[in-house]
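Undergrad: Chain by chain, the residues:
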Amino acid sequence: MAEPASTPLPLNPPPYRELTWAAVICGVAIGAVMTAAFTYVALKLGFTLSGSTVAAILGFAVLRGVLRKGSIIENNINQTVASGVNTASAGVAFTLPALFIMGESFNVWSVILAATAGAFLGMVVIIPLRKQMIEFERLRFPSGIAVASLLKSPGAGARQAKLLVGGFAVSGAIHLAMGTGFLGEELNFGAWMGLPSWVSLSVAISFASLGAGLLSGRGGLPFVFGGMLAWWLIAPVAVVAGLVPAVSEMTGINVHLGYDDWVTWDVLYGQMLRPLGIGILIGGALSGVVASFPALKSAISSLSKASKTAGGGSDELPVSVLSGGIVLAFAVLLGAAMMADPGLGFGRQLLIAVVGTVWLALAGLIVAQATGMTDISPMSGMSLIGVTLMFFLSGGNVVPAIILGVAVCIGIGQCADMMGDLKSGHLIGAKPKKQQLAQLMVCWVGVPVAVGTILLLWGDGGGFGPGNVELSAPQGTALAAIMESLQAGAAPLDKYVAGGAVGLALGLHPVGGLGVLIGLAMYLPFNITVTYGIGCAFNLWLVKTRGDRWIGDTLVPVAAGFIIGEALTSLGVVLYQLAVA
Amino acid sequence: MNKNIGLILLTIGIGLTAGFGAVLSPGFRKATLASGQATMAAAAADALHVEYCALRKESRLEDADGCGDSPPLVGTSAEKLSTLEQRREIMLVGVSQARVAYQIALKKCITFDAAVTSMGTQGPGVRLSGWFGAGGAGFGLGLFFLVSGAWICRKAAGAALVDEGEDSPGVIDFGALLGEVAEATAVLRDEMVALDAPTEADADQFQAQLEEIQKDTLARLCASGPRVQARYGLHGMAALFSPLSGAERRLNRAWAALVDRHWPEALESVEGAVSELTETRAALKALQGGE
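Note that the protein sequences, when read in sequence, are chains S and B. Per my numbering: the first sequence = residues 66 to 646. Per my numbering: the second sequence = residues 4 to 294.
Only chain S is shown next, with the shape it has when bound in the complex (with noise of 0.2 Å):
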């Protein structure tokens, strides 16, 4: 019940709590087990899901009803905590069984020094860019703003309440009628044209995608333009101009027998489109690191005066700290290599290492500007590269190259999720410090927790796998085939480089991050785009006819609220579908 008006407030209460062992507890248990749970639903599904939202939900539940005492700001820091522990399902059920499925044999424990160190490495490189790119780039990360909307919920007022709920509820529904089989994924306008499937003319009934773009606007346009190229150029053109094979060339068999989809998901996205984008990726990322450098420098400069500041009274993290971990954790990733393969001799170990440690950097630092810019992360795909690099550097071993491709993972799905979490943090008034040594305190604790599960799921052999109808563990078979491909020598080099070179072109231009959005806009499939886009189309329209203010009053909390329904809804609809497997 709401106190009276007149009641007087405490003028010398307790400190304003923020940074307690209530949050980090509660963090870390609702972590622990998402991060067991949804391992099991990565080996089961292919997908993970992400866990601030939960983990804002539960903190309310347990800080403020059952202690009755917390915060906003400490709720923000449980759900920082567990997300930041959930990190490592994603890292390690996309890569770790791999191993197990190629029938590998190696260290257990160097998989969990380089996971730990990888964890680790992911917050210490990310955090020197907190400033960049939420206080000069000021990059949306749509996740970031539902959650932020959601920890100020309890003071927003009954309107905002009423149509984050709403949205919510939209959003929930419509996702509950998908996972239960009532309604489609996608609303197919191409096939119903009798178009072909490389004509890509089809929306994913995604209200989070639509809820991202709602809260992006204008600046997630070039995202939606390289769509458009992608999917209504470059594809019809490379088929009607005979860039990829050919009907005609298809002699001996019925090609009606799916010759569209293989030229449009084998070919057109898998070889020549995916792969570019990859390269626009690197290539934009490095170049946006290049064109910022100023401001990269002042934003250090910062926190080297922070370290300087007597009584730590600064709310940065100091840098000595930051340099520690760097030297910390490399040297623990080096072990780590060491252990993996003490066949390879130190200097090739070093290299490894050193790599790895540039390599997630650099992949961190685009996962994080993409989840910025449209809250969309292409980490399975840095990844790969990231694998490609380890296999190729260790002489073609398997054992090292997905060992430290596990590192490189939870390394940039930890530079996400920090950042993400930050600008959560930044929209609630949190410090920054305080956010971030929360998550460096628990950024190993997923690591055991999710070997540990898959250690359990295989079991005496066979767990999982391809064959496996119950746990198939579709990206860990997915890793191992390509594992076999580079083996045999293949690598799209050609599309990396000439990607690459695109990219850093496009960093010339004056909106930043151009490349980061159009590689990542040919790294997807066309209709979770175009969901995007209409949001962002929307957002414009909105901006023009009703203006700013009414943006934040009313746009935020509905486009909030969608993107928590659909989170909250699949997590209903997974634990649904485990529940009557």
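These are computed hints drawn from the structure, not numbers from a lab. Think of the CB as a built atom: it goes at the ideal place given N, C-alpha and C, for glycine as much as any other residue. Please note that the accuracy of each hint is not assured.
Unchecked claim - In silico DSS-like pairs for lysine-lysine, Cα to Cα no more than 30 Å straight-line:
1. B/K110 to S/K362
2. S/K227 to S/K362
3. S/K609 to B/K6
Said to hold, decoys possible - Output of the computed footprint for chain B on chain S, the stretches with three or more beta carbons under 8 Å from beta carbons of chain B:
4. 512-526
5. 560-567
Based on these hints, arrange chain B on the given structure of chain S.
TA: Chain B alone, transformed into the frame defined by chain S:
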């Protein structure tokens, strides 16, 4: 005008580079064709297997050959064919024909699989040189357009932002707006300090006052980054936005503390914001002095 030329060149450049960048090297294209034929032959064989199984079921034959509950046919097409050939069964003509059709499809698969194997793997170096030979010239031309277009756009955008008059629609006077935010925040701070015994109602009132600052002037100020960058450069923008964003975050914290009814934290955060806004004004003055 320059901007339009830049955009046209940029669009052509992106189209050409992405288009030619996507071209497959001749060797890899051949290998892709072979693998496509193998994929579709396998799909055709699978479809025939489904047909065969349906006929078995219709004819009430026991489950076998990977149909129904019998063990699935596994391995390569050759292995599947060998499993089929090892088992003989008397059945109706239609079912038998379907079985033979499936066997023929598997034989085709073996041929196509052999073609894929004989192609070998196109290594990264071979693919790169092959692609460069096939699409390198068009890609190079596209890259030239792309770089020229992006460069012209950059120059045009910078010039447009700097040349815009302060009274143009949508243009804000950063200094004036910063002054407004700083003064409104200072007033808020003074009013909060003046209260000896704040109540729940006071907290609600200050929360509403704070929201006014956050959603109106501060939001517009924080959205002016690109214009500030065009005028003062990246370094100048960073010098202004570092304390400004700090102030924004402290005001957000004050809002959260007011909701949580933690008066001392709210007051301290507003005071911190006032101090950071003063720092921003000093940084702006220094930049304007250097112009």
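Undergrad: It remains to establish, for every hint, whether it holds in the given structure.
TA: Results of checking the hints against the structure:
In summary, the hint linking B/K110 to S/K362 is not supported, as the alpha carbons are separated by about 65 Å, beyond the 30 Å threshold. Between S/K227 and S/K362 the alpha-carbon distance is near 43 Å, which puts this suggested pair outside the 30 Å criterion. Proximity of S/K609 to B/K6 is assessed by CA-CA distance (about 23 Å); at most 30 Å being required, the pair is judged to hold. Three residues within the 8 Å Cβ limit are the bar, and the segment 512-526 of chain S against chain B gives 0, so the coverage statement is violated.
Coverage of the segment 560-567 of chain S by chain B holds [criterion: at least 3 residues with CB-CB distance below 8 Å; count 6].
Consistency with the previously given hints fails for numbers 1, 2 and 4, ordered from lowest to highest.
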